[in-house]
Amino acid sequence: MPDFTMPALGADMETGTVVEWRVKPGETVRSGDVIAVVETHKGAIDVECFLEGVIDDLVPLGTELPVGAVLARIHSASEARRPPPAPSGAIRPKISPAARRAALERDLRLSDLHGSGPDGAITLADVQRRDHNATPTMASPTAQPASRQGFDTTPMRQAIAAAMGRSKREIPHYYLSSTIDFGPAQAWLESWNRTHEPIDRLLPAVLLLKATAMALVEVPQLNGFYENAAFRPSPAINPGWAVALRGGGLMAPAIHDANHRSLPELMVALRDLVQRARTGGLRGSELTDPTITVTSLGDRGAESVLGVIYPPQVAIVGFGRMVLRPWVVGDQVVPRSIVTATLAADHRVSDGHVGGQLLAAINAALQSPQAL
Amino acid sequence: MNPESASMARMSYREACRQAIRDALHADPRSFVMGEDVGKYGGCYAVTKGLLEEFGAQRIIDVPLAENGFTGIGVGAAVAGLRPIVEIMTCNFSLLALDQIMNNAATLSHMSGGQFAVPLVIRMATGAGRQLAAQHSHSLEGWYAHIPGLKVLAPATVEDARYMLAAALADPNPVLIFEHIVLYNTEEDLDAAVHAVDIAHAKVRRAGRDLSLITYGNSLPKCLRAADRLASDGLDAEVIDLRVLRPLDMTTVMESVARTHRAVIVDEGWKSGSLSAEIAARLAEDALYELDAPVRRICSREVPVPYAMHLEEATLPSVDAIVAAARDLVKPR
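From first to last, the protein sequence lines are chains A and B. So that you can map any letter, position 131 of the first sequence is 131 in the numbering used here, and since no number is skipped, the others follow by simple counting. So the numbering used here is basically just the index in the second sequence, starting at one, shifted up by 372.
Hints were generated in silico from the structure; no laboratory data involved. On a predicted model such as this, the values are computed, not experimentally measured, just so you know. Do not rely on the hints blindly, as some may be mistaken.
Stated by the list, open to error - Here are the computed lysine-lysine pairs in the DSBU-like style, where the Cα-Cα straight-line distance is at most 30 Å: (1) B:Lys643 / A:Lys94; (2) B:Lys703 / B:Lys643; (3) B:Lys421 / A:Lys94; (4) A:Lys24 / A:Lys94; (5) B:Lys703 / B:Lys575; (6) B:Lys575 / B:Lys643.
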């Protein structure tokens with residue numbers, strides 16, 4: 001029977017803690033179902049399962065486990081119909097008798113409790129703490145678990161330090177920069193937004209994202225992973241969108257198949273992703289799947305950014321703040337919105353010529369926004 | 373009450389035992405002391421020193437090295453209406469008298485349908501810590517606490533050493549008093565207002581809310597020291613002195629555990645089949661849903677007590693071990 005194991009939600013993750021099970025032992029799971037919430041240095045992540053069958057032997061909540069550790073067993077449907085085997089490997093959550101009684105009196109589910117006692121046992125204090133924290137809305141099944149409230153930025157800082165340190169030690173970066181006339185895109189965006197309800201309006205970021213995704217179709221040498229001393233291109237284009245967190249820290253979860261999505265679809269996806277990155281609820285696949293990183297500094301950022309590649313990716317595309325600058329159109333100097341696009345890429349995988357093609361392709365895409 | 377002892381505020385445990393015997397001999401002409409070297413020598417631990425001169429050879433009786441014999445005389449004397457105080461030099465030697473203690477003293481009331489009472493008191497020294505090696509250092513009170521028909525006392529304070537004997541003599545049942553050899557030299561201030569103690573209840577010697585240290589005898593001062601150290605860590609330990617090992621006052625123990633939800637039992641006896649095992653079992657039977665952590669036991673290593681000082685120390689319950697066990701229960705690493 002296959003095991004459901006602790007996923008590596010990024011190159012920098014070593015351990016995770018299951019803080020919530022979304023399934024019960026004996027339930028049938030399908031590929032893509034979110035079955036657990038794992039607390040990592042990136043906050044609480046919804047983890048999907050890519051196996052099918054009946055799940056069993058769930059590890060107790062609150063146990064910190066290394067990447068690859070077995071979290072549950074998934075029996076194929078035929079196996080599941082057989083009588084259950086002797087409970088040799090099953091881990092029963094430890095709870096003190098006093099805590100068990102107190103939880104019963106307060107009508108708390110044991111699976112909601114986190115053990116801090118000897119051998120990780122749930123103690124009376126854990127029950128009382130939980131009871132104290134509980135609010136009426138917590139009882140409703142749709143309420144967010146308490147672990148979703150904000151991030152502990154210290155472990156995230158450490159994780160960023162580890163990943164960026166590794167990147168700068170191992171990856172020979174080369175940097176390219178290109179100044180792009182955003183005027184045509186700006187004009188197209190304004191006309192689109194004039195004819196749409198506020199909810200359907202688009203932000204410049206979504207054009208930058210789509211233009212990058214389309215450019216990667218033409219220049220696939222920058223979309224993928226450097227693993228075992230070789231480049232493994234990715235058939236899917238899943239740009240990781242860098243999101244600065246309000247408490248400090250950074251994440252770049254994936255927008256899957258960005259090249260196949262329309263601008264309005266991407267806008268919805270982007271808004272949803274940023275929201276979930278900041279409040280919790282990212283899916284494990286969104287952390288493991290990015291094939292390149294895109295960072296856009298927005299209205300208040302610097303004019304350009306020279307990024308650090310997030311291993312094992314091989315490139316990061318950066319967009320600076322839009323600025324109004326004198327620009328030569330035909331034989332006239334006119335004020336235009338300008339954006340500086342940059343690329344940091346892994347020289348082990350590509351050369352500046354390829355990098356230049358990518359920036360050129362992004363530029364070309366932004367000059368024909370109606371085609372995006 | 374003897375006016376001489378009432379004026380003494382500070383007293384050693386040994387002196388308290390002696391004054392208790394003097395009181396008994398003054399109070400009741402039926403009472404007498406019998407044991408090896410209790411007269412001319414003044415007692416192996418000098419508890420009866422000076423009593424031969426004060427009370428004469430009729431009431432302070434030296435006997436041959438024949439534990440089963442003189443204990444049997446004590447049983448007979450008690451049945452016949454006297455109030456014997458038998459001293460057995462150490463509880464290791466009491467095994468020679470086990471037949472009289474168990475088959476006669478503990479059963480005669482039952483066998484006679486209540487026609488005979490056996491108001492016998494047997495005092496014996498117990499425990500390790502004075503380099504007396506494997507034949508003089510064991511803690512066998514837990515074995516005696518197994519036997520129905522006996523009462524088993526373990527005075528751990530000067531006050532209990534001073535007043536338990538009178539209560540034991542007043543009891544119609546055979547009572548065994550285990551005096552710990554390390555405690556004889558300890559001194560405490562006696563509360564002048566106290567003139568008697570009961571032999572029915574355990575006592576909370578230190579109130580606390582985070583865990584209960586359940587102990588008796590010479591492990592009591594160790595638990596009190598451990599509680600002081602735990603207090604500097606912010607852990608508030610309650611210390612319960614069992615005092616009476618049979619019948620056990622589990623009410624006091626249960627009340628404590630119901631408040632603290634954690635129990636560490638400290639017993640100088642060996643762990644297997646011990647008094648600590650009995651208390652742990654009763655907590656599991658009657659207080660399971662009060663427990664917020666496993667019961668822990670700190671007992672002597674399961675070896676004959678060694679002679680060498682460092683090995684003897686390593687064998688016995690230590691303050692360090694008590695502190696470590698308590699910390700692990702409350703704040704696991």
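So, going through the hints one by one against the coordinates:
Distance restraint check for Lys643 (chain B) and Lys94 (chain A): the Cα-Cα separation of roughly 26 Å lies within the 30 Å cut-off, and the hinted pair is therefore satisfied. With a C-alpha separation of about 25 Å, the suggested pair Lys703 (chain B) and Lys643 (chain B) falls inside the 30 Å cut-off, and the hint holds. Note on Lys421 (chain B) and Lys94 (chain A): the hinted pairing is violated, with a Cα-Cα distance of about 58 Å set against a maximum of 30 Å. For the given pair, Lys24 (chain A) sits about 18 Å from Lys94 (chain A) by alpha-carbon distance, which is consistent with the 30 Å threshold.
Between Lys703 (chain B) and Lys575 (chain B) the CA atoms are separated by roughly 26 Å; this keeps the pair inside 30 Å, and the hint holds. Restraint check for Lys575 (chain B) and Lys643 (chain B): the C-alpha separation of about 23 Å stays at or below 30 Å, so the hint holds.
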